[in-house]
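*Asks:* Generate coordinates for the entire structure from the input sequences, incorporating the hints supplied.
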Amino acid sequence: MIEFRDFSYRYPTAAADSLSSLSLQIPRGQFCAVVGANGAGKSTFCFAASGFIPHFFRGEAHGSVELAGKPLAEAEFGSLAAEVGIVFQNPFNQISGARFTVREEIAFGLENLGVERGEMQTRIQLALEVVDLVDVAERSPFELSGGQQQRVALASMFAMRPQVLVLDEPTSQLDPRGTREVFRAIAALSEAGTTIILAGHKLEWLAEFADRAILLDQGRVIADGDPDTIFAMETMGEVGVGRTQFTDVAAAAQRAGMLKDHAALPVTLAQAEAFFS
Amino acid sequence: MNIDIRSVSFRYPSGQLALDNVSLSISKGETLALIGENGAGKTTLVKQMNALLRPTNGRVDVGEWDVAEHSTAQMARRVSFLFQNPDDQLFARRVWDEVAFGPRNLSLSEPEIEQRVNRALDRVGLLDKAESHPYDLQYTDRKLIALAATLAMEAPILVLDEPTIGQDARQRERVASILQELAAQHRTILLVSHDLDFCARTAERVVVMAEGRILADGPTEQVLAENEILDQAAVIAPQLMRLSQALKLSPPKLRVDDFVDAYASRKARPT
Amino acid sequence: MQAQSIYIDHPSALHQLNPLTKLTFTLVFLVAAFALPNAVALIATFVLILVPLAASGGLLLPLLRSAFWLVLPFAISLALIQGFFSPGQTALFSLGPFTMTLEGLGSGLTFAARLLLALGGTLLLMLSTRPDKLMLALRQRGLPESLSYIVLTALQIFPRFQERARTILDAQKSRGLETEVGLLRRLALLVPLIAPLVLGSIVEVEERAMALEARAFSYKTIKTSWISLEDSRAQSILRAAILFFGVVLVYLRLTGFWPQ
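Residue numbers (our numbering), protein chains in the order written: chain Z, 1 to 277; chain C, 278 to 548; chain F, 549 to 808.
Among the clues, some could well be false.
Computed spacing ranges between beta-carbons, pair by pair [claimed, not checked]:
id : chain 1 : residue 1 : chain 2 : residue 2 : range
1  : C       : Pro528    : F       : Arg714    : 42 to 48 Å
2  : F       : Ser634    : Z       : Phe56     : 57 to 63 Å
3  : F       : Trp806    : C       : Arg288    : 50 to 56 Å
4  : C       : Glu391    : Z       : Asp132    : 50 to 56 Å
5  : Z       : Ala270    : C       : Arg490    : 30 to 36 Å
Simulated crosslink set (DSSO-like; lysine-lysine; CA at most 30 Å straight-line) [said to hold, decoys possible]:
id : chain 1 : residue 1 : chain 2 : residue 2
6  : C       : Lys525    : Z       : Lys202
7  : F       : Lys771    : Z       : Lys70
8  : Z       : Lys70     : F       : Lys768
The hints are simulated quantities; they were obtained by calculation from the structure and are not laboratory data.
C-beta: ideal position from N, C-alpha, C; glycine also.
*Replies:* Structure (structure tokens):
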């Protein structure tokens, strides 16, 4: 479990807190979506949940973030990687550049952890299967599409067997095919029991897979709960996140006096279809 | 000023055929979205329009200019380009100078440059940050600086490569309204984007590409309803198109207001 | 984008050799390139030792091709410069005030032959050895991990750098930057081209550093390795023998056993 305890953080040269007084728990195995406008604190949330704050970014932190009851700030940064994985926006920059095939690339993290070769073999094979990359295992990661490269990053993390995997806008640079591939791979990792914290804008995908959504605005949690409820909230628009067009048309129809006033607004296609018929 | 692309093929030095006999005519004032997955040839195609790449076969005309006879710098007067990643072009220490770079290359008068830069910065909402260092701003603001730099060229044709990537709802809204304004001024806009919901509401015409060929070309509502073609191009139809289809709303409606109106009139109709 | 290294995969004994053994070969070729006395000895070493080694690894053609294109321009300019400007008595022909002498030409060609042998020796190693295996071998001999990482990634990231440079040039040309200008004005072009490259790289380096941390790069343990290196007693004897040969060459050279 990850727990934020009255956690605040300010970047070294910043005038204001990027996160202020966050208190929340993310239980083991949960798929938690973090949404908010750009600048609302999504990336900072990801860095705090993975220990990059305070180990990589200096700045000023108050309160604590704990993993299974132990403050991340007190953990040794090098060994944290074995417990919390993180995947970033740009797939290309996550390739180590020091290995020649996808299989070896996944091995890179395991070598750093000192995993024995036999064990490595098992873990890599499983990771390749979960993210559906078995076919390209012997190719150079540089030759792959963005979606495939991002799945290499996912597999590299998964093979390290972290309890928690944090993803900071993992599909924002990808085309629709890549986005679909990556969301499916993330869902598979979630199925396998990994706790997922995913910051992003793609509500339609998040609504399909996430168990919970946290809405951030100016470094504060302004809503926390069921994704379908949160994503349909009027507040989403007010804080610059925007809703799916399914929600927008349903809300407009309601405003125009059509349809049941008290029905929950839809977020996904299936819900919208039910709503309008 | 029309764009006329006639039987253009393009082969990279590596031997890869990126464009295979592509023909496309774009009239002045059109807003056209070019969609398809990465590697489909979209960027290769738009780069033919300002001579960044020159066709292996075929010919491109922009207005009465044969692009083959002009340099990219010359083409900049007619075709203004926004690249996907702002960090591939920002170099100045002041936002203002960054936006002024293009107009200065056009050898405009100082007052004219000043006007254009202020107008462009105002349009993207960054006038109050004109004195900042671009790299002191967020990535999303840097993206808007690059857009302002493109606007300041005031070219009749704009090519925008993924203008909404990584942007949130508010910024997408801003970009959409800028596009509307440009369209009202009869500028030609070529939008290269994976953001189909955005394309659906801003473009009147859509061209679908796959493997260096054009699979479909026509009015937005019509092209985005072609499920098989979108499937072949590995793109996913915009949300309102999928909802229109699910509710058998015909013709489909891709803007929220249109959708609600159409739905209301259908409900009012006795069945 | 391709993974960048000039390594060519081929099932051969040469490829199977421990990288250190091949590195030893290369070192001695480098030593020989400067210790051997004349073009004949140099060319003989190249043809009788280096060429068969390369051929055994199926690398003869790539090696000769690369060596040819890299050495040729130097060979020609060296032959001309030395031929015209070194002292010598046997005049071959004159060009205006300059006279080409046989001795000068000879010393130019000898220099080119040294270059050929040195380059051939290096190419032999690079063509037959995966850079990560070479780095692993060096790491096992005490090369710091971070240094080997830097060397390796530099090899792979360089093409990316070139690609970005091209995109930046495209972006600025699209903003009306005229690149077909005189030398002086060309200098003024550098800022809009270099600044994004540098600034963008700083952003990229930070991202890479973070991604590396996420892969437990700074985890304190004895690292394991996915790839394994073959080594044998025979190979260490071979290495010792080659090294001894190299030392002998240096000795002969230093003691003036060979004439200049």
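*Asks:* Are the hints correct? Go through all of them and say.
*Replies:* Comparing the hints with the structure gives:
1. Pro528(C) / Arg714(F): 42 to 48 Å: Since the Cβ atoms of Pro528(C) and Arg714(F) sit about 44 Å apart, the hinted range of 42 to 48 Å holds.
2. Ser634(F) / Phe56(Z): 57 to 63 Å: holds, 59 Å
3. Trp806(F) / Arg288(C): 50 to 56 Å: Given a distance of about 55 Å, which is inside 50 to 56 Å, the answer is holds.
4. Glu391(C) / Asp132(Z): 50 to 56 Å: holds, 55 Å
5. Ala270(Z) / Arg490(C): 30 to 36 Å: holds, 34 Å
6. Lys525(C) / Lys202(Z): holds, 26 Å
7. Lys771(F) / Lys70(Z): With a Cα-Cα distance of about 26 Å, the restraint between Lys771(F) and Lys70(Z) holds, given a limit of 30 Å.
8. Lys70(Z) / Lys768(F): OK: Lys70(Z) and Lys768(F) at ~19 Å, within 30 Å.
Hint violations for this structure: none, all hints satisfied.
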